[in-house]
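Student: In order, the protein sequences belong to chains A and B. Oh and the first sequence: position 3 is 3 in our numbering, straight run, nothing missing. Oh and the second sequence: position 77 is 77 in our numbering, straight run, nothing missing.
In short, the hints are calculated from the structure, not lab data. Misleading hints may appear alongside valid ones.
Claimed, not checked - In silico BS3-like links for lysine-lysine, alpha-carbon gap of 30 angstroms or less: (1) A:16 to B:175; (2) B:130 to A:16; (3) B:175 to B:130.
Unchecked claim - Pairwise CB distance ranges (calculated): (4) B:246 to A:170: 54 to 64 angstroms; (5) A:30 to B:175: 44 to 54 angstroms; (6) A:265 to B:15: 15 to 25 angstroms; (7) A:206 to B:15: 40 to 50 angstroms; (8) B:86 to A:16: 20 to 30 angstroms; (9) A:22 to B:160: 30 to 40 angstroms; (10) B:160 to A:243: 55 to 65 angstroms; (11) A:176 to B:134: 24 to 34 angstroms; (12) B:217 to A:265: 40 to 50 angstroms; (13) A:176 to B:133: 24 to 34 angstroms; (14) A:177 to B:67: 52 to 62 angstroms.
Glycine included, every Cβ here is placed at the ideal spot set by N, Cα and C.
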Amino acid sequence: MSAAAQAVRQLRFTNKAFWRNPASAFFTFAFPLMFLVIFTALLGGGQIQLPNVPRFELDLTTYYVGAMATFGVISACFTNIAIQTSFSRDQGLLKRLRGTPLPAWAYLLARVVHAMAVGALLVLITLLFGLIVYDAALPTGTPLLEFIVTFLVGSLTFASLALALTSVIPNAEAAPPIVNATILPLLFLSGIFIPLDKDAPAWISTVADVFPVKHFADAMRSGYLGNVRAQTPLGPIHPFTFDWTDVLIVAAWGLVGLVLAARFFSWEPRR
Amino acid sequence: MAERVIDVRGLHKAYGDVEAVRGIDIHVDRGEVFALLGPNGAGKTTTVEILEGYRERTAGEVSVLGRDPARGGGELKRRIGIVLQSTGVDPYLTVRETIDLYAGYYPSPRNVDEVIDLVGLAEKRNTRVKKLSGGQQRRLDVAIALAGDPELLFLDEPTTGFDPNARRNAWEIVKNLTGIGKTIFLTTHFMDEAQFLATRAAVITKGTIVAEGTPGTLGGRDHMQTRIRFKVPEGQPSPPELGGAGSLPDGSLEIRTDNATKVVHDLTAWALERGFVFDILEVSQPSLEDVYIALTGGEAGTA
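Chain A extracted, bound-state conformation:
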């Protein structure tokens, strides 16, 4: 069997095992929706003026639909991969695999592709929920393509960062706190949970600009809302302009993660 066929076969088994744990599968999908409903109920009754989108007031409900789609991708590809891989390593599953002829990359690729599929499903569920409940339109045409490319680059980046992060996680019990301590501050600083409008402190955006979460969120939002039109005295415009710099910065982080993971990833329990 070719190595690619091995990866596909591994993916099938990964997927089978995933759905065998319905509680875990359910909450994986319910989590971002739950947050969407809670945040829009608490903070969503109005409009926001974003610092990089002047002269346009965006419905907060729409803002949150995009933000929670971004959050879903990060949950599936960063949080879940880092925690699951730490558990598999602690159980000795990774060490056992190293003793078989299965190429290491085929196993990791199957895990990453599965997480990306879960992430894609989460995005779809969130956007459909947004369309139906909050009347937030879906992207079409070029913005849709930009949205999809952003998703692919972002999900691969967060997966490779997750694999890199496992090399500093000492054991499975330490995985959830370390992963959360890494990602939660960035989610807040990047306006995923609480929107950062034009009056937000400047240092927050300075810090957030260094890391990939904000660039990923901005690119996801620009793609998602790329079809939105606004009337100005000079005629209609598209206030959300897609910036490929964001995607490149996210991709750069992904490469850093890949290099670190290739160098430091451990197949054996570290304690």
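Assemble chain B onto chain A, guided by the hints.
Tutor: What follows is chain B alone, placed relative to chain A:
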């Protein structure tokens, strides 16, 4: 001459300043069951993990199936099966799915259902792994190692934590494997396990091999004195002079001798003449455990 499956010469392994393995030689031929015995921390697992390709050696020559395991890659891994001390599998797959998954990694795997029967998990075929008992999971470990139909099987302390029945079952499984021509490299600190399974054994302690041979001859066991223990019924006099009889706490007497045939003959002749039977009469060779404890300085069986 038999085909050499494992050939180790002058193997050294140091972790920083600690020398875990200090220059050992091991050779295993096709069809043998070789047991590496030793207390915890003696270097058993380090040695077996170097042979399996998990660890790099510090110095020495190592050949497994004609290849260097540090560079063997997939080519070598296709021909060996490994049962590590503790390893996990996906808890949500069934026994059959799990073995099928692993069988698929190998170019010419064994029939999955045959493997399931061989390890005695037929009734658990469609049970999810998380529902198996500890002993059943260990049998699944063996099944996974067999899935690729390996020529050489590594078993690292395969029965640690088993109850006596489960251990017997595991031994039968391993015996079955030797019946189908597999070569087995076993580490254990249970002497009865080595006695039952091994065609040859070596004792490692503090990173050095201190004895090597068949379980019957290891450490000069075949030249050691036979132990004869007997107990005379109450009211009978002490036996005639038999040379060096010592008395034990339960009132029985023990003789160690190089000529058990004559001593037993004299003893039983005396008892028949007096018209009584011994309450206890036991003739035993020194056990492998006796030899092992003598060799390792009483560090046996610390689990």
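Student: Hints first: check each against the structure and report whether it holds.
Tutor: Evaluation of the provided hints:
Proposed proximity of residue 16 of chain A and residue 175 of chain B is contradicted: the alpha carbons are some 35 angstroms apart, above 30 angstroms. This hinted pair checks out: residue 130 of chain B and residue 16 of chain A have alpha carbons roughly 15 angstroms apart, not beyond 30 angstroms. About 28 angstroms separates the Cα atoms of residue 175 of chain B and residue 130 of chain B, which keeps this hinted pair within 30 angstroms; it holds. Residue 246 of chain B and residue 170 of chain A have their C-beta atoms about 55 angstroms apart, which keeps the hinted 54 to 64 angstroms range intact.
Remark: the range hint 44 to 54 angstroms for residue 30 of chain A to residue 175 of chain B is upheld by a beta-carbon distance near 52 angstroms. Separated by about 21 angstroms at the C-beta atoms, residue 265 of chain A and residue 15 of chain B satisfy the suggested range of 15 to 25 angstroms. The supplied range of 40 to 50 angstroms is met by residue 206 of chain A and residue 15 of chain B, whose beta-carbon atoms lie about 45 angstroms from each other. Between residue 86 of chain B and residue 16 of chain A the beta carbons are some 24 angstroms apart, a value that agrees with the proposed interval 20 to 30 angstroms.
A hinted range of 30 to 40 angstroms holds for the C-beta pair residue 22 of chain A and residue 160 of chain B, which are about 35 angstroms apart. With their beta carbons about 59 angstroms apart, residue 160 of chain B and residue 243 of chain A fall inside the hinted range of 55 to 65 angstroms. Distance hint for residue 176 of chain A and residue 134 of chain B: a CB-CB separation of about 26 angstroms, consistent with the stated range 24 to 34 angstroms. A hinted range of 40 to 50 angstroms for the beta carbons of residue 217 of chain B and residue 265 of chain A is consistent with their spacing of about 47 angstroms.
Between residue 176 of chain A and residue 133 of chain B the CB atoms are about 29 angstroms apart, so this pair conforms to the stated range of 24 to 34 angstroms. The hinted window of 52 to 62 angstroms between residue 177 of chain A and residue 67 of chain B is violated, with their beta carbons roughly 43 angstroms apart.
Checked against the numbered hints given earlier, the structure breaks hints 1, 14 and satisfies all the rest.
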